[in-house]
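Following the hints, position chain B against chain A.
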Amino acid sequence: MTANDRTRPAIEVGDGAAIPSKSDIGLFTAWRFAFFGALGLIVYLALAKPDPYLEILKFIPDGLLVTFKVTVGAILLALVIGLVAGLGRISSNRFINGVASLYVEIIRGIPLLVQLFYIYYALGRFVHVPDMASAIIAMAFCYGAYMGEVFRAGIQSIPKGQMEAARSLGMTKGQAMLHVIIPQSIKVVLPPIGNEFIALLKDSSLVSILAVADVLRRGREFASESFTYFETYTVIALVYLIITLFFSKLIGIMEERISAGR
Amino acid sequence: MKFVQRAVSLLALVGLCLTAAAPQAALAAGGRTITVATDATWPPMEMVDANKKIVGFDIDFMNAIAKEAGFTVKYKNTAWDGIFAGLSAGRYDAIISSVTITPERQKQYDFSDPYINIGQILVVPKTEGRVTRIADLVGKAVGAQIGTTGAFAIKKVNGVELKNYDEIGLAFEDMAAGRIAGVVCDEPTAAHYALQRAEYKAKFKIVGKPFTSESYGIVVKKGDKALVALLNKGIRAVKAKKIEDKLRKKWLR
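In order, the protein sequence lines correspond to chains A and B. Everything in the first sequence is counted per UniProt numbering, starting at 1 for the first residue and increasing by one. Everything in the second sequence is counted per UniProt numbering, starting at 1 for the first residue and increasing by one.
In short, the hints are calculated from the structure, not lab data. Fair warning: this is a prediction, and the values are worked out from it, not measured in the lab. Just so you know, nobody snuck in bad clues.
Capping the alpha-carbon separation at 35 Å, the derived lysine-lysine pairs in DSBU-like fashion look like this:
1. Lys58/A <-> Lys107/B
2. Lys225/B <-> Lys49/A
3. Lys241/B <-> Lys221/B
Just so you have them, the derived chain A footprint on chain B, three or more residues with Cβ under 8 Å:
4. 84 to 94
5. 140 to 148
6. 165 to 173
7. 176 to 189
Positions of the beta carbon are idealized from the N, C-alpha and C atoms, including for glycine.
Looking at chain A on its own, in the form it has when it is part of the complex (with noise of 0.2 Å):
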C-alpha cells in the first residue's frame, strides 16, 4: 500500500478550519433532541389523547403568564438590586461594603422558600402588599445577592490597569467606572446573568406556595380535581423544559453576537 492508496487523507489540510464551528456539529445536539422531542411529545399526548392532556393544556396559559410575569419582574428587579449589592461590595466605604455584604450573606444562607413564606405571611402582617408584587419583590431580593456576587466578580475580572489609565486620562473614580469598567464587564457577566435567569423561571414555581396562580398552581389545581397526578405533573415538567430550553437558547445566541463583536 503506497500513500496514492490513500482516497481521503487522515486529517484535511487546506482552506477549511480542521475544528468543526459550533453550527458544523450536526442536527442532533443534544438540545435539539430535548427540545423538539418535548414539544413532540406534548402534541403527542395532546392529540392521541385529548382527556386529560388537552384538557391540562387548555388549563394552565393563565399560569404560563403568571410565571412569565413574576420571572420577568424579579429579574428586571434583581439586576438592579444586585447592580446596587455588587458595586457595594467593592466599594472602598466600609459602611457601604459593610451593608452589600451582610446583605449577600443573609440571603444566601436562607432558602428561598423560607424567604418567600416570610416576606408574604410573616410581613404581610405589618405591611399588606398585593400577593403579586411581594412574590416578584421576594423572588428579586434572593437573586439580587446571587446576581450581585455575578457583577462583584464581572467587575474585579476587569484588569487594574483599564481604571488606572482612564484615571490617568483624567476621568473620576465614577466615570471610569461608567464608562470604561461596566462596558468590559457586561460581556463578562452575561453568560452567568443568563444562567440566573433559568435559575429564576424554574425557581419561579416556588410562589405557588403563597397562593399565586402560576404554571405549577394551575397544575396542581388541575390535579386536584381530576386526580390525573401523573399526566398532569407530566405536562407541567414538559412545559418548563420547553420554556427553559428556549430560553436557554436565547441567551446562547445573544451571547454569541456580543462576543462576535469582540
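Just chain B, lined up with the frame of chain A:
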C-alpha cells in the same frame, strides 16, 4: 473523650428505645396495622398539638374504630395536595382527613360509610358588612384549601376569584393581611379559626348557615373491599356505643 461518652450514651438511648418499642410491636401483632394518612392542618378535625402529636375529632374517631374493629393505626401526616395520589401509590392504606364523599372521588377511590355530616360555610372579615353568601363577593378573591369541596364551591360562583392555598391556615392568615375577602371551609374548621383563635376572634365572622350538606368518609384504594368492611364494622360499633356523641362534645362543642 467526651465525644466517645456521648456516642456511647446515644447508642444506649437508641437501644432503650428499640427495646421499649418491642412489646408494642408484639401487642400489635394480634390485629392488622393500618397506616392512615391525615393532613393535620384542619382543626379541630385533625391538627398537630403543642406536643407535636396529631390530635382531633377524626383521630379520636379513627382510634375508636380501630379499638372496636380490632386493628392498630399508624398515622402519617401528609400534605392535602397529593394525599390522594399517595393512596394510589400505596404509601398508606387509608385516609381520614375530613374527606367529603363526592361522586368524582368515588369514581377513583372507595369510601367507608359516612361517619359525620358537615357543611361548607363562609368566613369574612367583620368589616364586610352586608355579605350573606359567596355571590356577594363578586369581583373579589375568596380563599380555600386546594382540592377541597370549599374550593369547588367557590369555583361555581361566577365573578369571584378562587385562591387556592396549600393549608387552610394560610388562607385565614392572608385574609387577616387583607389580601382576600373571604374563606370557605368546613363548618367546624371555620368555627375554630373565626370563633376560637384569639388573634382572629375580633377580626372575622361566620356568615349565615352552612350552604352544603356533606358526609365525611374514610378513603381506601379502589377495590380494597376487606378494609372497607373492617372500617364499616368499626364505624357501626362506634355509633352504636354513642362514642360519636362524646367526641362531638369534646371537639365540636
